[in-house]
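Make a model of the complete structure from these sequences and hints.
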Amino acid sequence: MYAFNYHRPKSLDEAAGLVAKAEDGKLVAGGMTLLPSMKLRLASPSDLVDLSSVDGLKGITVSGKTVTIGAMTRHVDVHTSADVQKAIPALAALAGGIGDPSVRNRGTMGGSVANSDPAADYPSAVLGLGATVETNKRKIAADDFFKGLFETALEPGEIIKAIHYPVPDAAAYEKFPQPASGYAMVGAFVARFGKDVRVAITGAKDHVFRVPEMEKALAANFKADAIAGIKLSEDDMLSDIHCSADYRAHLVSVIAKRAVAKAGG
Amino acid sequence: MSTKVSMTVNGRKVSADVEPRTLLVQYLREHLGLTGTHVGCDTSQCGCCNIHLNGEAIKSCTILAVQCEGANVTTIEGLASPDGELHPMQKAFWEHHGLQCGFCTPGMVMVACDIARRKPDADEQTIRHELEGNICRCTGYQHIVEAVHSGIQAMNQAKR
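Protein chains in written order, with the working numbering: chain R, 56 to 320; chain D, 240 to 399.
A hint or two may mislead.
Claimed, not checked - With the Cβ distance kept under 8 angstroms, some of the chain D side facing chain R (calculated, not the full set):
id, residue
1, E258
2, N289
3, T301
4, I302
5, V305
6, Q306
7, A310
8, D353
9, R356
10, M394
It is worth saying that the hints were derived from the structure and are not from the lab.
For glycine and all other residues, C-beta sits at the position ideal for the given N, C-alpha and C.
In structure tokens, the structure reads:
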């Protein structure tokens, strides 16, 4: 990897200032994507700003019907949290299926969400639960957050502090993992809040997206069979050596059905 | 430009001036001469470079040495007793022939100890699942899984 300057600030303001001042500054959380990208020279920041010593970015709190998770909270901590397992078991299960145990000991929720990898797991939970992303500048609704391939609503120097997840009445995450990497070839996060249902799909297109026709069908009848006939167009699906576009379109229907069944429908 | 980093490795306090881009595994192997930690893929897939950072297994090819400031690091060299008595997990790998070429073994053993810490009741299926981040190119998984299972039991015994 190319040389860079390394910084370990203690506060969010200091971190934001360091990124702003740098020629091409990058924030690093767990580094599970950024460091491999730097080794491959796909990323070559002039400055790396490590968030690991910034106060107040770690931890899980449940208050009423909201679970708040600090951006630097690791996958292993979400997976093993008794609070998350009780309030949103689907989220704890999702975190336990990311990468492998050693990756989960480093990787963070904020890093995954800020990166918006098309095949990452966490974005589907953020969008599927209609979470709110809190940054050092504002609060962003999940529906406004994910913008494209590795692209989010975050502005330069904007740092995720925490994510607030509403507690659903029922939810489940199901994925068809790429066997070597564990990334989702297709993943579906389904959540029911009273009569409202949200369906978020990851892995299939350039970024996570909702499926309104499935949500409508499930709102009327929360059963896997209710969406059996809904097949998405393959036109804007990803296609790669692992999985062609038409196969991904097929998987979306299958995996979404499995997620609904897992959520009790 | 180099940065000073200090940490404890296998119980010994060490510090050095390193370039920020120095990976922990490079620091361990090239600066400290601890070549027991292997680099298999360098892309965080194979698990050969697993070490314990503050007691938890992580891949040392995907963390910078400077990120380990103040940390407690244990490598495969730090598992055995100072008198040479092997760690129960190392003994189990020996007894069950949990290796063929031996390249993946340090990472396997470090992760196996982490499984024992988190899941002392792990059964065969759990062990197979927990080892998904460790690749054995000899495909000697059958004996590795047996070794890990036996090692976990030996570690449980030692705790009593």
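A quick look at each hint next to the structure:
no. : hint : verdict
1   : E258 : holds, 6 angstroms
2   : N289 : holds, 6 angstroms
3   : T301 : holds, 5 angstroms
4   : I302 : holds, 6 angstroms
5   : V305 : holds, 5 angstroms
6   : Q306 : holds, 6 angstroms
7   : A310 : violated, 10 angstroms
8   : D353 : holds, 7 angstroms
9   : R356 : violated, 11 angstroms
10  : M394 : violated, 17 angstroms
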